[in-house]
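Chemist: Protein chains in written order, with UniProt numbering: chain E, 1 to 278; chain P, 1 to 402.
These are calculated hints, taken from the structure and not from any lab test.
Predicted model, so just to flag it, every value in this text is computed and none were measured.
Some clues are possibly wrong.
[What the hints assert, rightly or not] When the alpha-carbon atoms are kept at most 25 Å apart in a straight line, the in silico DSS-like pairs for lysine-lysine are as follows:
hint	chain 1	residue 1	chain 2	residue 2
1	P	K168	P	K114
2	P	K114	P	K131
3	E	K103	P	K12
4	E	K162	P	K114
5	E	K103	E	K162
6	P	K131	P	K120
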Amino acid sequence: MADTTARRAKLQWGLLNAVVVVFALIPVLWIMSLSFKTPATLTDGKFIPREWTLDNYRNIFGTDQFVRALINSIGIAMIATVIAVVLGAMAAYAISRLDFPGKRLLIGVSLLIAMFPQVSLVSPLFEIERQLGLFDTWPGLILPYITFALPLAIYTLSAFFKQIPWDLEKAAKMDGATQAQAFRRVIAPLAAPGLFTTAILVFIFCWNDFLFAISLTSTERSRTVPVALSFFTGASQFEDPTGAICAAAVVITVPIILFVLFFQRRIVSGLTSGAVKG
Amino acid sequence: MADIVLDKVSKKFPDGTTAVRDVDLEIADGEFVILVGPSGCGKSTTLNMIAGLEDISSGELRIGGQRVNDKAPRDRDIAMVFQSYALYPNMTVRENMAFPLRLAKMDRATIDQKVDEAAKVLELTSLLDRKPANLSGGQRQRVAMGRAIVRQPKAFLMDEPLSNLDAKLRVQMRTVVSRLQKQLGTTTVYVTHDQTEAMTLGDRVVIMRGGAIQQVGPPQELYDHPNNLFVAGFIGSPSMNFLPATVEEGRLRTALGDLPIGDRIRRELEGADAPRELILGIRPEHFEDAELVDEQTRDRGMEFTAPVDIVESMGSDKYVYLTVEGGRATAAELEELAADAGAADFAGAGSNLVTRLSAESTVTEGEDRRVWFNLEKLHLFDPSNGRNLTLHEGRSAGALAG
Chain E
1 MADTTARRAK LQWGLLNAVV VVFALIPVLW IMSLSFKTPA TLTDGKFIPR
51 EWTLDNYRNI FGTDQFVRAL INSIGIAMIA TVIAVVLGAM AAYAISRLDF
101 PGKRLLIGVS LLIAMFPQVS LVSPLFEIER QLGLFDTWPG LILPYITFAL
151 PLAIYTLSAF FKQIPWDLEK AAKMDGATQA QAFRRVIAPL AAPGLFTTAI
201 LVFIFCWNDF LFAISLTSTE RSRTVPVALS FFTGASQFED PTGAICAAAV
251 VITVPIILFV LFFQRRIVSG LTSGAVKG
Chain P
1 MADIVLDKVS KKFPDGTTAV RDVDLEIADG EFVILVGPSG CGKSTTLNMI
51 AGLEDISSGE LRIGGQRVND KAPRDRDIAM VFQSYALYPN MTVRENMAFP
101 LRLAKMDRAT IDQKVDEAAK VLELTSLLDR KPANLSGGQR QRVAMGRAIV
151 RQPKAFLMDE PLSNLDAKLR VQMRTVVSRL QKQLGTTTVY VTHDQTEAMT
201 LGDRVVIMRG GAIQQVGPPQ ELYDHPNNLF VAGFIGSPSM NFLPATVEEG
251 RLRTALGDLP IGDRIRRELE GADAPRELIL GIRPEHFEDA ELVDEQTRDR
301 GMEFTAPVDI VESMGSDKYV YLTVEGGRAT AAELEELAAD AGAADFAGAG
351 SNLVTRLSAE STVTEGEDRR VWFNLEKLHL FDPSNGRNLT LHEGRSAGAL
401 AG
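Working from the sequences, and respecting the hints, build out all of it.
Modeler: Here is the structure:
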């Protein structure tokens with residue numbers, strides 16, 4: 001009796017999971033399928049292409065436009081991620097460990113930033129960046145990305161720091177470490193899973209951004225891939241760029257997947273086990 | 001190697017609470033001192049102030065004759081063992097123990113040699129390449145000690161290092177700690193809430209309550225000559241029996257009968273402001289089955305009859321719980337002790353007397369038994385301030401003393 005209920009529960013969960021996975025994956029698979037189709041069969045409505053081709057991929061890598069955007073995207077997202085994680089780690093450490101005046105205010109303000117609708121900031125940012133000469137430059141995108149990624153970074157990281165037993169830091173101090181040494185040699189290695197998790201989240205945020213990227217850039221100099229995609233046209237105005245756009249979409253998901261897979265191996269739970277009596 | 005002196009050291013927290021009040025303590029070079037008391041008595045705060053992990057609000061702390069109030073922990077050259085062990089989980093045992101040496105910028109060969117030496121002393125040699133997660137509680141505890149001894153600091157501070165171990169291992173580790181301290185001869189301050197550890201380990205024991213020191217002395221002295229009700233009740237297991245007593249016509253009226261009072265106590269109680277109501281304290285081992293007491297000893301004490309509630313045979317002796325008439329003794333100190341033992345809301349009717357009788361006693365549960373007790377070992381306390389009235393020049397002479 002209990003056995004059958006357990007099996008039924010398992011079945012129900014399995015079904016539910018399958019629905020979610022299919023729901024999430026079908027559009028991705030559809031795009032992949034489109035990217036391998038020839039222009040003639042693009043609209044035939046078949047899930048599996050009748051004629052396979054790599055022309056779309058050849059085309060996008062043949063254009064300077066896409067390659068340049070890819071470089072912009074990677075560079076901007078990486079720099080923003082590194083800066084946001086480093087700053088976020090320091091802020092989160094202070095929030096989780098120290099009692100300083102204005103701590104609640106700091107947390108409140110960072111929450112406020114996270115809640116602020118980004119759309120409403122686009123025109124002021126556009127004006128400011130034009131005045132400062134940051135418009136259509138890498139820093140012009142990196143700065144707003146850091147601003148919006150920091151609250152996220154601070155929140156995730158302070159949760160991780162709070163899990164690390166404070167005794168470890170005291171022990172390090174007793175063993176002769178300065179505050180900085182204690183952080184670098186004891187706390188930071190233990191917070192590594194948190195740092196990697198945050199890095200992934202921030203990277204994905206920067207990588208996927210379209211709003212800022214389209215408003216604060218105007219040329220290939222700093223245009224990122226999501227924006228470049230929207231500017232894709234065919235070789236002539238009669239050519240349908242759908243296949244090329246799909247190929248580009250597939251290409252830009254690859255770095256994200258690699259990034260997650262690479263860091264996932266480092267996100268091992270239970271890194272602090274054995275530190276203190278559990 | 002150094003002595004540690006606390007001179008009127010106090011700790012006030014920003015919210016206004018005073019955790020430690022005017023603590024004066026001189027710890028000699030090489031001495032093993034235990035800070036003991038119920039939770040919240042300020043013992044850990046005191047230790048953290050010595051370590052430098054807490055600021056000192058007022059007073060002076062000297063280590064090796066040098067004022068260290070404003071020095072960072074790393075500049076005090078003392079090592080600490082934490083209750084939680086606080087091992088670095090990302091490092092192997094060897095790296096854990098080498099950590100303080102690496103921070104001190106020693107060369108590799110010296111570090112290896114020192115770690116190997118410490119590992120040998122603590123029998124950790126075979127575990128050096130393991131991570132803390134793969135060690136048992138006792139092994140982790142030893143690694144934590146190894147990390148402390150490896151750099152030969154001026155002093156060791158231990159914050160309840162054994163309280164996370166199970167009972168059997170704790171007894172074993174107690175002897176390890178004791179032997180290690182004797183072997184190294186390093187000044188050690190050890191915090192515990194376990195009075196057995198306090199009694200067995202230290203050269204001297206400091207009993208704290210509410211942030212203030214109650215009494216400082218060798219364990220046996222605290223046991224035999226407690227300064228006040230709190231110390232008397234805290235030290236000893238099973239703890240001292242307390243009964244209310246009234247002074248009437250030069251005698252002491254108690255549930256055990258009317259007791260004679262010696263001249264000195266009588267004089268003290270004759271004063272106008274002298275208390276009428278006292279608390280009588282007797283340790284369990286100062287009772288004996290009246291049948292087993294020889295003539296000579298009989299004269300030093302008195303006998304009474306009481307119904308036997310429970311008999312616990314320990315093999316070597318018997319713990320016999322007797323029910324006696326009258327209420328229980330009340331004082332702030334006793335309530336605090338009961339609360340610490342978690343028994344504040346668990347009190348039977350009447351007074352229960354714990355006695356420790358010889359194993360030969362034929363006492364059985366439910367019967368009325370005649371029991372003898374030693375008058376020379378009685379303590380009398382003033383319930384208003386807890387002071388031990390039987391103490392004379394620091395010695396307890398019993399209620400009979402002339």
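Chemist: Does K162 of chain E pair with K114 of chain P here, judged by a C-alpha cut-off of 25 Å?
Modeler: violated, 34 Å
Chemist: Going straight from one Cα to the other, do K114 of chain P and K131 of chain P come out at no more than 25 Å?
Modeler: Holds, at about 19 Å.
Chemist: Checking one constraint from the list: CA of K131 of chain P to CA of K120 of chain P, max 25 Å. Satisfied?
Modeler: With Cα atoms ~18 Å apart, K131 of chain P and K120 of chain P stay inside 25 Å; holds.
Chemist: Are the Cα positions of K103 of chain E and K162 of chain E separated by 25 Å at most?
Modeler: Since the Cα atoms of K103 of chain E and K162 of chain E sit roughly 15 Å apart, the hinted pair holds (cutoff 25 Å).
Chemist: Has the given pair, K168 of chain P with K114 of chain P, been kept, meaning a C-alpha gap of at most 25 Å?
Modeler: Violated - the C-alpha atoms of K114 of chain P and K168 of chain P are around 30 Å apart, more than 25 Å.
Chemist: Verify the proposed pairing of K103 of chain E with K12 of chain P, using a straight-line Cα cut of 25 Å.
Modeler: holds, 22 Å
Taken one by one, the earlier hints fail for this structure at numbers 1 and 4, listed in ascending order.
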